[in-house]
Every structure is written in C-alpha cells, then in structure tokens.
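Student: Take these sequences, add in the hints, and give me the full structure.
There are 2 protein chains.
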Amino acid sequence: MAEQNAMSLEGTENIARMEKELRYISGIIKQQGRKILSNYTITPPQFIALQWLFEHGDMTIGDLSNKMYLAFSTTTDLVDRMENNKLVKRVRDEQDRRVVRIHLLGEGERIIEEVIDKRRNYLNAVLEDFSEVEINEFSRLLTKLHKEMIKD
Amino acid sequence: MAEQNAMSLEGTENIARMEKELRYISGIIKQQGRKILSNYTITPPQFIALQWLFEHGDMTIGDLSNKMYLAFSTTTDLVDRMENNKLVKRVRDEQDRRVVRIHLLGEGERIIEEVIDKRRNYLNAVLEDFSEVEINEFSRLLTKLHKEMIKD
Numbered sequence: 001m002a003e004q005n006a007m008s009l010e011g012t013e014n015i016a017r018m019e020k021e022l023r024y025i026s027g028i029i030k031q032q033g034r035k036i037l038s039n040y041t042i043t044p045p046q047f048i049a050l051q052w053l054f055e056h057g058d059m060t061i062g063d064l065s066n067k068m069y070l071a072f073s074t075t076t077d078l079v080d081r082m083e084n085n086k087l088v089k090r091v092r093d094e095q096d097r098r099v100v101r102i103h104l105l106g107e108g109e110r111i112i113e114e115v116i117d118k119r120r121n122y123l124n125a126v127l128e129d130f131s132e133v134e135i136n137e138f139s140r141l142l143t144k145l146h147k148e149m150i151k152d
Numbered sequence: 153m154a155e156q157n158a159m160s161l162e163g164t165e166n167i168a169r170m171e172k173e174l175r176y177i178s179g180i181i182k183q184q185g186r187k188i189l190s191n192y193t194i195t196p197p198q199f200i201a202l203q204w205l206f207e208h209g210d211m212t213i214g215d216l217s218n219k220m221y222l223a224f225s226t227t228t229d230l231v232d233r234m235e236n237n238k239l240v241k242r243v244r245d246e247q248d249r250r251v252v253r254i255h256l257l258g259e260g261e262r263i264i265e266e267v268i269d270k271r272r273n274y275l276n277a278v279l280e281d282f283s284e285v286e287i288n289e290f291s292r293l294l295t296k297l298h299k300e301m302i303k304d
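Protein sequence lines, in the order shown, are assigned to chains A and B.
FYI, in the numbering used here the residues of the first sequence are 1 to 152.
FYI, in the numbering used here the residues of the second sequence are 153 to 304.
Quick caveat, the hints were computed from the structure, so don't treat them as lab data.
A virtual CB, placed ideally from N, CA and C, is assigned to each residue, including glycine.
Reference listing, derived: stretches of chain A covered by chain B, where coverage requires no fewer than 3 residues with Cβ under 8 Å from a Cβ of chain B:
| no. | region |
| --- | --- |
| 1 | 8-19 |
| 2 | 22-30 |
| 3 | 46-60 |
| 4 | 116-124 |
| 5 | 128-141 |
In the DSSO-like style, the derived pairs of lysine-lysine whose C-alpha atoms are separated by at most 27 Å in a straight line are:
| no. | chain 1 | residue 1 | chain 2 | residue 2 |
| --- | --- | --- | --- | --- |
| 6 | B | LYS172 | B | LYS182 |
| 7 | A | LYS118 | B | LYS219 |
| 8 | B | LYS241 | A | LYS20 |
| 9 | A | LYS86 | B | LYS172 |
| 10 | B | LYS182 | B | LYS238 |
| 11 | A | LYS20 | B | LYS238 |
Tutor: Right under this line is the structure:
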C-alpha cells in the first residue's frame with residue numbers, strides 16, 4: 001500500500017529541479033557579487049559582515065560570528081581590519097561595560113548601500129521579462145522560504 | 153511628466169526584498185552545503201567541479217574553469233587532486249588527440265549523487281509548508297530566473 005504522505009512524481013521532480021536551480025542561481029549571484037566588489041576596497045567576507053550590521057544593527061563579535069558561521073577568532077580579525085579601514089568601530093555598552101558591540105561607520109554604510117544598490121540593479125535587469133504579478137509572487141515565495149530556513 | 157517605464161513603488165520594494173532574500177537564502181544554502189560535505193572527502197570547489205561534470209558531461213579544463221569562474225591553473229590543480237583521488241580521469245578525444253576532457257569516474261559519481269540527494273532532502277524539509285501549487289510556481293520562476301541570468 002502506498003504511503004499517504006509520499007510525494008507525487010511531479011513533486012519529486014520539482015524538488016530536484018528547485019535544488020538544481022537554487023544551486024546554479026546562488027553560484028551566479030556569488031560571482032556577480034564578486035564582480036561588483038572588484039570596484040571596492042572590501043572583500044566578500046567584509047561585505048557579509050557589513051550587510052549584517054547594516055540590516056540588523058550593532059552586534060557583538062559573538063553574534064556576528066554566529067551569523068557568518070565563522071570562528072570567533074576569524075571574525076575578530078575581520079573586524080580588526082574593518083576598524084583599521086574606518087568602516088566600523090567598537091562601542092562599549094552603556095548599561096553593561098563588559099559588552100562591546102560593532103558599530104557601522106559612515107564610510108562602511110556608504111559602501112554597503114552602494115553595493116546593495118548595484119546588486120538590485122542587476123536583479124532588476126534579469127527580471128525584465130517578469131510581469132509584476134510574477135515578481136510579487138516570486139518575492140513572496142522567497143520570503144516564505146527564507147522564513148522556513150531560519151525556523152528552528 | 154513621469155516616465156512610462158518607471159517601476160511602481162511596489163515593484164521597487166519587491167526588487168529590494170528579492171535581492172535581500174536571495175542573498176540570505178544563498179548564504180544559508182552555502183552553509184548547509186558545507187555541513188553536508190563535512191561527511192565527505194571532497195571540498196566545496198571539488199563539489200562544484202563534480203556537479204558540472206555530472207550534469208553537463210565531460211569537459212575540457214578550459215570549459216570547466218569558465219563555468220567555475222576560476223583561473224586555468226587553479227582548475228588544473230583542482231582536477232589533479234580529484235584525479236589522484238580517483239574521482240575523475242583525463243580522457244583524450246578520439247577524433248582530435250590534442251583535446252583532453254575530464255571524465256567523471258564511478259566513485260565521483262557516487263559521491264555527487266549522494267550529496268545532491270542530501271541537498272534535495274534538506275530542501276524538501278524546508279518546503280514542507282508549501283502547497284504543491286506553490287512549489288510548482290516557485291520551481292517555474294526559479295527556472296525562468298536562471299535562464300535570464302545565463303542569457304547573453
């Protein structure tokens with residue numbers, strides 16, 4: 001007797017196709033991101049760190065290393081280099097002086113905004129043949145997927 | 153007078169959201185891929201090389217370095233290591249003996265199939281709350297996006 005929850009053949013094929021498309025799309029986005037960064041002084045890991053500070057606010061090195069899946073020591077080195085380049089600074093918590101957070105500086109913010117803007121322009125160009133309805137639905141589905149991925 | 157082609161505010165917001173979601177989703181997929189590979193003897197770049205050979209057949213080192221956006225010398229080193237590990241072998245073209253292609257061996261195929269299968273299982277699990285209609289549409293939109301990205 002077939003299991004009730006077994007996926008249909010079409011469902012199985014769609015998962016296989018999605019896994020493959022997401023794998024290739026991620027590769028292209030990564031390469032496109034590197035191309036954009038080649039005009040800037042920051043490295044890809046620095047871009048990811050600045051992205052977290054820009055979109056989620058000040059963070060401790062511990063938080064940042066968790067978000068970036070990096071060792072604490074690697075994140076410390078990364079932050080040191082960005083602090084030397086005046087992209088971020090360390091700020092002591094007013095309530096609890098033992099806590100130090102990384103704060104994005106003006107120049108770091110300017111760079112991250114410019115880079116994200118270029119990434120949006122690229123995406124906008126490749127979505128040229130998508131209708132507004134498709135873009136709406138695509139955006140909704142990606143948001144839902146991301147939510148499911150970070151749900152524990 | 154407003155430009156006819158100007159995107160609606162909603163359109164602009166959707167592009168911004170999609171860029172962000174794709175950026176985070178790519179990061180999570182990358183990390184998830186690394187987690188899966190930690191149980192195997194291959195590295196992330198080796199996974200990408202095996203993926204190309206598995207899904208697109210035998211390739212010259214030149215083709216492979218283009219696909220992987222790597223320098224020819226880096227790709228040569230990568231292929232040398234995989235050849236030493238009996239994952240691939242170099243095969244001379246029967247028609248044109250000057251042409252050498254990289255061919256996937258049984259052990260390379262076994263590993264890549266297992267790893268892709270684990271990636272599908274992960275995706276299947278995070279898509280649990282998606283209806284079959286949503287998965288169909290999501291799959292179609294990703295395929296369309298990928299096609300636009302590789303169109304020149």
